[in-house]
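Student: Residue numbers (this note's numbering), protein chains in the order written: chain S, 1 to 113; chain A, 1 to 113.
If you are wondering where the hints come from, they were derived from the structure by calculation, not from laboratory data.
Cβ atoms here follow ideal geometry from the backbone N, Cα and C, with glycine treated the same way.
It cannot be assumed that every hint is accurate.
[Said to hold, decoys possible] For lysine to aspartate or glutamate, the following DMTMM-like pairs were computed, each having C-alpha atoms within a straight-line distance of at most 20 Å: (1) A/Lys40 x S/Glu57; (2) A/Lys19 x A/Glu82; (3) S/Lys100 x A/Glu53; (4) A/Lys9 x A/Asp85; (5) A/Lys71 x A/Asp18; (6) A/Lys40 x S/Asp55; (7) S/Lys100 x S/Glu3; (8) A/Lys71 x A/Asp106; (9) S/Lys100 x S/Asp55; (10) S/Lys67 x S/Asp83; (11) S/Lys42 x A/Asp106; (12) A/Lys9 x A/Glu24; (13) A/Lys44 x S/Glu45; (14) A/Lys36 x A/Glu82; (15) S/Lys100 x A/Glu58; (16) A/Lys36 x S/Glu5; (17) A/Lys67 x A/Asp18; (18) S/Lys42 x S/Asp55; (19) S/Lys42 x A/Asp38; (20) A/Lys41 x S/Glu5; (21) A/Lys36 x S/Glu3; (22) A/Lys41 x S/Asp55; (23) A/Lys71 x A/Asp96; (24) A/Lys40 x A/Asp96; (25) S/Lys100 x A/Asp96; (26) A/Lys36 x S/Glu45; (27) A/Lys9 x S/Glu45.
[What the hints assert, rightly or not] Where chain A lies over chain S, by a calculated footprint (3+ residues, C-beta under 8 Å): (28) 25–34; (29) 38–48; (30) 51–65.
[Unchecked claim] Restraint ranges, calculated between C-beta atoms of paired labels, are given here: (31) A/Asp18 x S/Arg28: 24 to 30 Å; (32) A/Ser65 x S/Tyr51: 44 to 50 Å; (33) S/Ser69 x A/Met15: 42 to 48 Å; (34) S/Lys42 x A/Asn62: 27 to 33 Å; (35) A/Asp96 x S/Glu3: 19 to 25 Å.
Chain residues, written in single-letter form:
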Amino acid sequence: QKEVEQNSGPLSVPEGAIASLNCTYSDRGSQSFFWYRQYSGKSPELIMFIYSNGDKEDGRFTAQLNKASQYVSLLIRDSQPSDSATYLCAVSAGGTSYGKLTFGQGTILTVHP
Amino acid sequence: DTAVSQTPKYLVTQMGNDKSIKCEQNLGHDTMYWYKQDSKKFLKIMFSYNNKELIINETVPNRFSPKSPDKAHLNLHINSLELGDSAVYFCASSQDFGPQPQHFGDGTRLSIL
Numbered sequence: 001q002k003e004v005e006q007n008s009g010p011l012s013v014p015e016g017a018i019a020s021l022n023c024t025y026s027d028r029g030s031q032s033f034f035w036y037r038q039y040s041g042k043s044p045e046l047i048m049f050i051y052s053n054g055d056k057e058d059g060r061f062t063a064q065l066n067k068a069s070q071y072v073s074l075l076i077r078d079s080q081p082s083d084s085a086t087y088l089c090a091v092s093a094g095g096t097s098y099g100k101l102t103f104g105q106g107t108i109l110t111v112h113p
Numbered sequence: 001d002t003a004v005s006q007t008p009k010y011l012v013t014q015m016g017n018d019k020s021i022k023c024e025q026n027l028g029h030d031t032m033y034w035y036k037q038d039s040k041k042f043l044k045i046m047f048s049y050n051n052k053e054l055i056i057n058e059t060v061p062n063r064f065s066p067k068s069p070d071k072a073h074l075n076l077h078i079n080s081l082e083l084g085d086s087a088v089y090f091c092a093s094s095q096d097f098g099p100q101p102q103h104f105g106d107g108t109r110l111s112i113l
């Protein structure tokens, strides 16, 4: 089982729709969860982080965390063509490796006009 | 001003050569990282330094040697380059070693001929 697994893409949504990106992780001691966006040929850019169970909203983005189910998701409301990118889920390990980020394989999102 | 800067941006070289990639951050962060992103876009941690001290050393061939002259700089030297080393190498930094957001440089695309 992969340590961090994201829903297989690519994901295609129409402009204005809600895009839902999912991520599961295997280390039950994981502490913190991050969503990065990476445009083609560019570096990963942090868009959200969440530490506690529940929802965290920032503009059009909502991160949802359920530690019991070892599941974290990212919702993008009112999707725009400029949201088209690869979205990377990253999980910070527990224990002595708590500063180490493990990334998922990424989900490619395409928002079409 | 670029927060995390890497040089060079592109590196094309022959198998067997030795090369270095430099990274500097002006964010005042204590912790720096090297990641490798392969052709499938999978991003994997290689090394991390906190205040010039090596704290993460993943299973990486010993041809790869990081060096941190001070906490604002983390360089990566690669000996005897192999075809499999072709990838994009990203430098990143965070406030300190913990479940912190990490800020990435623009990457160095290494191509081995």
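Student: All the hints need checking, so say for each whether the structure fits it.
Tutor: A quick look at each hint next to the structure:
The suggested pairing of lysine 40 of chain A with glutamate 57 of chain S is violated, with an alpha-carbon distance near 30 Å, which exceeds 20 Å. Distance check on the hinted pair: lysine 19 of chain A and glutamate 82 of chain A sit about 11 Å apart at the alpha-carbon level, within 20 Å; holds. Note on lysine 100 of chain S and glutamate 53 of chain A: the hinted pairing holds, with a Cα-Cα distance of about 15 Å set against a maximum of 20 Å. Taking the CA atoms of lysine 9 of chain A and aspartate 85 of chain A, the gap is about 16 Å. The hint holds against a cut of 20 Å.
Proximity of lysine 71 of chain A to aspartate 18 of chain A is assessed by CA-CA distance (about 24 Å); at most 20 Å being required, the pair is judged violated. With a CA separation close to 30 Å, the supplied pair lysine 40 of chain A and aspartate 55 of chain S exceeds the 20 Å bound. Note on lysine 100 of chain S and glutamate 3 of chain S: the hinted pairing holds, with a Cα-Cα distance of about 13 Å set against a maximum of 20 Å. Between the alpha carbons of lysine 71 of chain A and aspartate 106 of chain A the distance comes to roughly 19 Å, so the proposed pair stays at or under 20 Å and holds.
Distance check on the hinted pair: lysine 100 of chain S and aspartate 55 of chain S sit about 23 Å apart at the alpha-carbon level, beyond 20 Å; violated. At most 20 Å may separate the alpha-carbon atoms for a hinted pair to count; lysine 67 of chain S and aspartate 83 of chain S exceed this at roughly 27 Å. With a C-alpha separation of about 6 Å, the suggested pair lysine 42 of chain S and aspartate 106 of chain A falls inside the 20 Å cut-off, and the hint holds. Taking the CA atoms of lysine 9 of chain A and glutamate 24 of chain A, the gap is near 13 Å; set against the 20 Å cutoff, the hint holds.
With a CA separation close to 16 Å, the supplied pair lysine 44 of chain A and glutamate 45 of chain S stays within the 20 Å bound. Between the alpha carbons of lysine 36 of chain A and glutamate 82 of chain A the distance comes to roughly 14 Å, so the proposed pair stays at or under 20 Å and holds. Distance hint between lysine 100 of chain S and glutamate 58 of chain A is fulfilled; the C-alpha atoms sit about 10 Å from each other, no more than 20 Å. For the hint linking lysine 36 of chain A to glutamate 5 of chain S, the alpha-carbon distance of about 18 Å falls within 20 Å, and the restraint holds.
At most 20 Å may separate the alpha-carbon atoms for a hinted pair to count; lysine 67 of chain A and aspartate 18 of chain A meet this at roughly 15 Å. For the hint pairing lysine 42 of chain S with aspartate 55 of chain S, the CA-to-CA distance comes to about 28 Å; that exceeds 20 Å, so the pair is violated. Restraint check for lysine 42 of chain S and aspartate 38 of chain A: the C-alpha separation of about 14 Å stays at or below 20 Å, so the hint holds. About 14 Å separates the Cα atoms of lysine 41 of chain A and glutamate 5 of chain S, which keeps this hinted pair within 20 Å; it holds.
In summary, the hint linking lysine 36 of chain A to glutamate 3 of chain S is supported, as the alpha carbons are separated by about 17 Å, within the 20 Å threshold. About 28 Å separates the Cα atoms of lysine 41 of chain A and aspartate 55 of chain S, which puts this hinted pair outside 20 Å; it is violated. Proposed proximity of lysine 71 of chain A and aspartate 96 of chain A is supported: the alpha carbons are some 11 Å apart, at most 20 Å. Restraint check: the Cα-Cα separation between lysine 40 of chain A and aspartate 96 of chain A comes to about 29 Å, which exceeds 20 Å; the hinted pair is violated.
For the hint pairing lysine 100 of chain S with aspartate 96 of chain A, the CA-to-CA distance comes to about 11 Å; that is within 20 Å, so the pair holds. Among the hinted pairs, lysine 36 of chain A with glutamate 45 of chain S is consistent with the structure: their alpha-carbon atoms are about 16 Å apart, no more than 20 Å. Straight-line distance between C-alpha atoms of lysine 9 of chain A and glutamate 45 of chain S comes to about 17 Å, which keeps the hinted pair within the 20 Å bound. Proximity of the region 25–34 of chain S to chain A, defined as three or more residues with a beta carbon under 8 Å from a beta carbon of that chain, is established by the 3 residues found.
Note: the region 38–48 of chain S has 6 residues with beta-carbon separation from chain A under 8 Å; the three-residue rule is met and the coverage holds. Given as covered by chain A, the region 51–65 of chain S fails the check, having 1 residues with a CB less than 8 Å from a CB of that chain where 3 are the minimum. In this structure, aspartate 18 of chain A and arginine 28 of chain S break the distance hint of 24 to 30 Å, their C-beta atoms being roughly 42 Å apart. At about 34 Å, the beta-carbon gap between serine 65 of chain A and tyrosine 51 of chain S misses the expected band of 44 to 50 Å.
Distance hint check for serine 69 of chain S and methionine 15 of chain A: the Cβ-Cβ separation is about 46 Å, which falls inside the suggested range of 42 to 48 Å. As the Cβ distance of lysine 42 of chain S to asparagine 62 of chain A is approximately 31 Å, the hint placing it in 27 to 33 Å holds. In this structure the supplied range 19 to 25 Å holds for aspartate 96 of chain A paired with glutamate 3 of chain S, their Cβ-Cβ distance being about 23 Å.
Comparing the model with each numbered hint stated earlier shows that hints 1, 5, 6, 9, 10, 18, 22, 24, 30, 31 and 32 do not hold.
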